[in-house]
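Asks: Protein chains in written order, with my numbering: chain A, 1 to 411; chain B, 1 to 411.
Misleading hints may appear alongside valid ones.
For chains that are exact copies, the list does not tell them apart, and a pair is met inside one copy or across any two.
Stated by the list, open to error - With a Cα cut of at most 30 Å, we get these calculated DSSO-like pairs of lysine-lysine:
| hint | residue 1 | residue 2 |
| --- | --- | --- |
| 1 | K9 | K283 |
| 2 | K93 | K174 |
| 3 | K348 | K82 |
| 4 | K82 | K9 |
| 5 | K403 | K82 |
| 6 | K21 | K174 |
| 7 | K403 | K226 |
Keep in mind the hints are simulated off the structure, nothing from the lab.
These numbers come from a predicted model, not from an experiment.
Protein chains: 2
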Amino acid sequence: MRQSQLFTKTRKLAPADEVSKNAQLLVRAGFVHKEAAGIYSFLPLGLRVLNNIVRIIREEMNTIGGQELSMSALQNAELWKKTDRWEQDVWFKTELKAAGETGFGWTHEEPITHIASQYVSSYRDLPFAAYQIQTKFRNEERAKSGVMRGREFLMKDLYSFHADQADLDAFYEKATQAYRNVFSRVGLGERTFITFASGGAFSKYSHEFQTLCSAGEDTIYISREKNIAINKEVLTDEVLADLGIERTSLEEAPAVEVGNIFKLGTRFSEPLGLSYTDAEGKKHPVVMGCYGIGPSRLVGALVETLADEKGLVWPEAVAPFKYHLVSLGHDGDDVSKAADTLYDDLTKADVEVLYDDRDLRAGEKFAESDLLGIPKRIVVGKESVATGEFEVVDRATGKVEKKSRVEVLAQ
Amino acid sequence: MRQSQLFTKTRKLAPADEVSKNAQLLVRAGFVHKEAAGIYSFLPLGLRVLNNIVRIIREEMNTIGGQELSMSALQNAELWKKTDRWEQDVWFKTELKAAGETGFGWTHEEPITHIASQYVSSYRDLPFAAYQIQTKFRNEERAKSGVMRGREFLMKDLYSFHADQADLDAFYEKATQAYRNVFSRVGLGERTFITFASGGAFSKYSHEFQTLCSAGEDTIYISREKNIAINKEVLTDEVLADLGIERTSLEEAPAVEVGNIFKLGTRFSEPLGLSYTDAEGKKHPVVMGCYGIGPSRLVGALVETLADEKGLVWPEAVAPFKYHLVSLGHDGDDVSKAADTLYDDLTKADVEVLYDDRDLRAGEKFAESDLLGIPKRIVVGKESVATGEFEVVDRATGKVEKKSRVEVLAQ
């Protein structure tokens with residue numbers, strides 16, 4: 001896309017009331033717009049990043065057999081009364097005309113369990129897994145972490161349904177691996193640890209995926225040897241004994257929870273009547289698991305962990321464009337023409353490129369380019385016209401290479 | 001996908017309180033789940049249809065230069081007070097903790113105008129167009145039209161921004177053509193008419209796209225000769241004179257509004273301070289247009305207009321799968337093996353196919369297949385094993401053809 005057409009622009013200042021690094025940079029670069037505290041709109045560049053993350057998550061969910069659906073935001077209060085979660089403080093509640101109280105989904109275990117109950121009756125209907133990638137709403141008391149903790153946010157939740165605990169346990173391992181794949185593919189694999197956290201009535205622990213991040217709200221203790229971590233909330237001698245870890249070997253670090261997987265057991269299936277009949281005709285409640293990742297939170301975590309003093313830095317897999325093509329030409333000169341030609345070639349080759357075709361000073365263009373954080377910058381200057389070579393600058397490392405048109409297109 | 005894995009199933013009965021044909025059929029076929037009146041979740045098959053419609057709309061919006069963004073559902077009340085729309089009856093309102101009243105967006109002119117005001121200052125920043133494809137919320141009094149009029153629904157809204165009326169007028173024509181393309185591609189082109197409806201302060205008429213539909217809430221008068229229609233609400237002698245149409249030539253018909261395009265002029269840019277400076281340094285309000293299509297309403301309109309007594313009928317462009325492969329085999333017999341092989345071949349060729357691999361009676365499978373409405377059914381029976389040919393049944397016409405494996409794969 002030509003940058004002269006992009007309706008957003010970078011700006012020098014972030015909103016005065018914005019305290020988080022991620023939102024400051026994302027607003028300055030024109031990736032998001034702040035509507036109110038904890039409420040952000042995703043502008044074209046930001047939406048491209050978000051969609052890239054969503055695509056990766058969707059692929060991993062499909063690989064483990066997840067079936068995508070989309071549930072309503074407006075909730076049937078009756079279901080939530082059955083599980084004793086209607087009175088929780090986190091709701092945005094409102095009134096349906098001529099139909100009474102409702103609220104906006106902050107999580108969806110109740111409706112998915114109810115939907116499953118419409119289709120499951122026999123052991124032959126199990127197991128299966130269904131997932132949603134949708135906006136959820138939480139009436140947060142504080143909202144100071146930018147897109148890492150919004151009052152509305154995009155969430156992927158996978159739910160699995162099983163005849164027994166052993167089948168849940170096996171699927172839980174598959175989901176764990178899918179989560180590792182997601183974090184690795186979006187560029188957070190090395191700084192993300194599976195972390196033991198508090199369980200429920202049905203399992204001793206749940207597992208979080210925590211990404212090392214100075215702006216994170218959690219504290220974790222990392223065992224480098226075992227490549228796992230323990231949330232401070234559950235760090236007891238009993239847990240250490242369970243995991244065979246010495247307290248002295250642990251490393252304390254701030255982190256942000258980027259995923260959470262949980263064995264729900266029959267917490268929701270029992271009150272909501274989701275049961276099946278086994279081969280002997282005996283009725284049992286369905287055993288469930290749930291698995292969440294917040295794509296909009298991942299955008300924030302990527303900014304918090306990878307951005308530098310010059311601006312955003314995107315890994316290629318999630319970047320809004322692969323290349324930032326920067327022309328140093330003016331008014332249709334040879335440099336502009338060479339840049340136009342390279343842009344056309346890249347576009348024809350289906351390479352995602354943002355083309356800075358504006359007539360601005362080089363310094364201004366480079367500073368903006370650094371702020372946007374596109375992985376590779378291709379500079380077209382006078383030298384390019386003379387030699388046929390382009391300067392290709394790696395945003396993360398600053399490394400500069402000279403490449404020919406053919407080399408650029410071959411990447 | 002193997003139908004034995006699909007967690008939804010067809011059912012004999014629709015919810016007792018469901019009066020609309022579209023929701024009755026969609027629920028029976030397992031495409032949607034009714035959460036409450038006017039509130040539906042889209043299950044895997046329904047979501048596939050919805051996503052196909054969204055993909056077509058997105059392509060057409062990108063073709064006319066639309067830049068996609070995603071705005072928050074939660075609204076900043078201050079913006080809506082400036083345009084005198086905060087007191088409207090349609091809102092779902094709620095309270096933000098420690099931040100006062102908010103509501104959920106039922107349309108997004110106010111926030112998009114405010115966002116644009118952050119980036120537009122000069123005539124050089126115009127024109128541009130931005131669009132969103134997101135859930136909107138309306139507190140409807142009655143909700144008896146299934147997914148054609150939901151209390152929450154998916155909506156595509158495009159907004160365009162111009163320096164003057166002439167530029168808006170030119171873009172409006174482009175948007176009109178994009179809309180025609182959308183309705184034609186989703187399979188409603190022949191029964192959809194551009195329809196003159198009431199304008200605002202800035203244009204004499206707005207234009208709706210109305211699809212002929214006995215369940216539609218509108219009444220339109222069609223001029224077959226001019227290939228346009230007039231909404232009953234504006235059918236006056238003056239309008240007829242404007243359009244050069246004789247009243248006696250008109251044909252009355254019920255219809256559903258599937259799209260709406262509107263010249264907003266400065267209705268929103270003036271109160272919200274969206275202005276630009278021209279080349280002479282003079283300040284003007286930006287001239288705007290907006291262009292809406294409801295993808296979830298289109299799902300309903302497709303069902304209302306195309307379904308028959310046996311069930312759903314999907315045009316190929318939006319169908320959840322292209323083929324419904326129905327095996328009449330049992331327990332790994334030769335018929336099952338032949339069906340398995342054809343399924344593998346189709347999957348490898350990236351053909352979207354739902355494979356009914358379940359061990360059920362042929363009559364039951366065919367009735368279910370008719371209800372699901374996938375465009376072509378491929379039947380694998382004993383004869384297929386003997387002759388190497390498969391029966392291919394067209395869902396819409398009932399026409400039966402015999403095709404070889406090569407012919408099926410070549411389609």
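Asks: What hint numbers does the structure not satisfy?
Replies: 2, 3, 5, 6, 7
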